[in-house]
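Q: Sequence:
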Amino acid sequence: MIDLHAPTVIGFWRDRSQSVDELAATTRAFLDTLAAIDPALVPELLLLGEHQSGHPADLSVEGLRRIYQRRKRDDSPSGSYVSGYSVDLVHPDHRQRQSLHLIVGKTGRTPNVVNVTLPRPEHAVGDASELLTARVGDAVLKAILDHWNAERGRWSVSKYARPQEELVLGKASSTSWTERREARKRWAKELQIGWETLIPPQVRLDRTLLPAVADIETVPAGTLVRLGDAPLDVDFEDILDLRRALGYPT
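Following our numbering, the numbering of the sequence shown begins with 1 at its first residue and continues without gaps.
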């Protein structure tokens, strides 16, 4: 279960059918990397069942193979796309709101997704206190990019995402149905900006328009842009500046 108000680190990519064996090995390696970043990222995770109740999961490679075999989604009757697999792993203490959500091994219009949900600030205490730092956030995003070869990715939270959506869709709310549809299409194509955002190579970035706080790093998947060193305290004007550097409306 994804907490829509908690910080999330998320990666997307399209059209990549993968075998159960490949997914199990990739997931195990990804979990190992998360544990190396901070053990609190991978506690004794529970596998979320159909009725939203968690139970202990065998997260060995063989255990993950069995999980993926049980979590196959129904393919298109026409055979035009592969629906892939859906797995949710959650923190044993539901108050922490930590989770790992995977929709992987699929083709078609909607993307593959790996989403690491971090605890809300009020719950990030004790062993979880470091999880909202720039060090951990940056490392988790890079782990998603490296292990899953994601084409898009970001570290964000709803207070950054919602105003951007309103910029695009809010202006079209009083216009015609056609204009609203076009606005939704534009929003779907735009990169949502977070504290850290992957800019793919094919997306034009005017670096002269970046805010002064922007920290840029080139990675195999493109360019990472971090807005300062406090993931939960980004000035929205800096987000607007990055949108301008991408040629988006502000």
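No lab work stands behind these hints, which were simulated from the structure alone.
One or more of the hints may lead you astray.
Pairs of lysine-lysine residues, derived as DSSO-like cross-links and limited to a Cα-Cα distance of at most 27 Å, are as follows [claimed, not checked]:
no.: 1; residue 1: K185; residue 2: K159
no.: 2; residue 1: K159; residue 2: K142
no.: 3; residue 1: K189; residue 2: K159
no.: 4; residue 1: K142; residue 2: K189
Estimated spans, in silico, between C-beta atoms of each pair [to be verified]:
no.: 5; residue 1: G63; residue 2: E182; range: 44 to 54 Å
no.: 6; residue 1: E44; residue 2: R181; range: 42 to 52 Å
no.: 7; residue 1: V219; residue 2: E130; range: 21 to 31 Å
no.: 8; residue 1: E179; residue 2: E44; range: 44 to 54 Å
no.: 9; residue 1: P111; residue 2: A214; range: 41 to 51 Å
no.: 10; residue 1: P92; residue 2: R70; range: 35 to 45 Å
no.: 11; residue 1: H5; residue 2: A25; range: 41 to 51 Å
no.: 12; residue 1: R207; residue 2: R162; range: 19 to 29 Å
no.: 13; residue 1: P121; residue 2: K189; range: 43 to 53 Å
A virtual CB, placed ideally from N, CA and C, is assigned to each residue, including glycine.
Q: With reference to the structure, classify each hint as holding or not holding.
A: Each hint tested on the structure:
no.: 1; hint: K185 to K159; verdict: 22 Å, holds
no.: 2; hint: K159 to K142; verdict: 23 Å, holds
no.: 3; hint: K189 to K159; verdict: 20 Å, holds
no.: 4; hint: K142 to K189; verdict: 22 Å, holds
no.: 5; hint: G63 to E182: 44 to 54 Å; verdict: 46 Å, holds
no.: 6; hint: E44 to R181: 42 to 52 Å; verdict: 46 Å, holds
no.: 7; hint: V219 to E130: 21 to 31 Å; verdict: 23 Å, holds
no.: 8; hint: E179 to E44: 44 to 54 Å; verdict: 50 Å, holds
no.: 9; hint: P111 to A214: 41 to 51 Å; verdict: 26 Å, violated
no.: 10; hint: P92 to R70: 35 to 45 Å; verdict: 21 Å, violated
no.: 11; hint: H5 to A25: 41 to 51 Å; verdict: 33 Å, violated
no.: 12; hint: R207 to R162: 19 to 29 Å; verdict: 27 Å, holds
no.: 13; hint: P121 to K189: 43 to 53 Å; verdict: 31 Å, violated
This entry does not satisfy hints 9, 10, 11 and 13, going by the numbered hints stated previously.
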